[in-house]
Amino acid sequence: EVESGKRLCVVPGGKKGTEERHMGHASHVLCMAISSDGKYLATGDRNKLIMTWDAATCKRLHIFTGHRDAVSALSFRKGTHQLYSASHDRCVKVWNVAENAYVETLYGHQDVITGLDSLSRECCVTAGGRDGTVRLWKIPEESQLVFCGQGGEVGLQAGGGSIDCIQLINEEHMVSGADDGSVALWGLTKKKP
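The working numbering puts the first residue of the sequence shown at 1, with every later residue one more than the last.
Hints are supplied without guarantee of correctness; some may be wrong.
[What the hints assert, rightly or not] Dumping the calculated BS3-like pairs for lysine-lysine here, alpha-carbon to alpha-carbon at most 25 Å:
hint, residue 1, residue 2
1, 59, 93
2, 59, 48
3, 59, 78
4, 93, 48
5, 59, 39
6, 138, 78
7, 78, 39
8, 93, 138
9, 39, 93
10, 78, 93
11, 48, 78
[Stated by the list, open to error] Between beta-carbon pairs, the in silico distance windows are:
hint, residue 1, residue 2, range
12, 140, 187, 19 to 27 Å
13, 187, 55, 15 to 23 Å
14, 145, 80, 16 to 24 Å
15, 172, 11, 36 to 44 Å
Keep in mind that the hints were calculated from the coordinates and are not lab data. Computed from a predicted structure; not experimentally measured. Ideal Cβ placement from N, Cα and C applies to all residues, glycine included.
Model the full structure from these sequences, guided by the hints.
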């Protein structure tokens, strides 16, 4: 309960290979997301697993597999049970949590994906860390827009910064943060901050 500060439930983790007995992750939980209706919680870990949970009871519902490296970011599309997952394997996967189903994989980043966000449109944005790009993925069109460089430069120089986090403000604007301390506001119709 938030007001009283009481913990309602805890799902203990365990050692690798014990996920079935302990019900929780056997490795570091790196990210989580909750569906906009509050029904589902999704968690991603260093062992490449995504677990979905009933948010009210903390009962594990499903384990999604398919990433080849750590799951670094998760986001539910608002108003749906569609889940986007990003990974150090440089891809984004789309899942239907209500049906425990894999939908598709999106490729394009040249380095680990460090951030991910989505709103209600069928698209998501990702930050590609050291590849110096932010990508807007348009799912129905099977296309992506690539935004280069945190400081307005086209592409970051070798040894330059890493774009590490991304957040959509609304359907037209996003903001990104980099390891050099800069924050950039982007228009989704422009390719520079």
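query: Does the structure keep residue 78 and residue 93 at a Cα separation of 25 Å or less?
result: Holds. Residue 78 to residue 93 sits at ~16 Å (cutoff 25 Å).
query: Do the beta carbons of residue 145 and residue 80 sit within 16 to 24 Å of each other?
result: holds, 22 Å
message: Run the distance test for residue 59 versus residue 93: straight-line Cα separation, threshold 25 Å.
response: Roughly 23 Å separates the two Cα atoms, so the pair holds.
query: For the pair supplied as a hint, residue 48 and residue 78, is the alpha-carbon distance within the 25 Å limit?
result: Within the cut-off at roughly 24 Å; holds.
query: Holds or violated: 36 to 44 Å for the Cβ distance of residue 172 and residue 11?
result: The hinted range 36 to 44 Å holds for residue 172 and residue 11, with Cβ atoms some 38 Å apart.
- prompt: Can the restraint linking residue 93 and residue 48 be considered satisfied, given a maximum Cα separation of 25 Å?
  reply: holds, 12 Å
field: Satisfaction of hint between residue 93 and residue 39, Cα-Cα up to 25 Å
entry: holds, 21 Å
- prompt: Given the hint that residue 93 pairs with residue 138, does the C-alpha gap stay at or below 25 Å?
  reply: holds, 13 Å
message: Hinted pair, alpha-carbon criterion (25 Å max): residue 59, residue 39. Please report holds or violated.
response: Holds, at about 11 Å.
- prompt: Straight-line Cα separation of residue 59 and residue 78 no greater than 25 Å?
  reply: holds, 22 Å
- prompt: Does the Cβ pair residue 140, residue 187 satisfy 19 to 27 Å?
  reply: Given a distance of about 21 Å, which is inside 19 to 27 Å, the answer is holds.
- prompt: Would the pair residue 59 and residue 48 pass a check requiring their Cα atoms to be no farther apart than 25 Å?
  reply: Distance ~20 Å between residue 59 and residue 48 Cα, so the pair holds.
Going down the numbered hints, you'll see the structure goes against just number 13.
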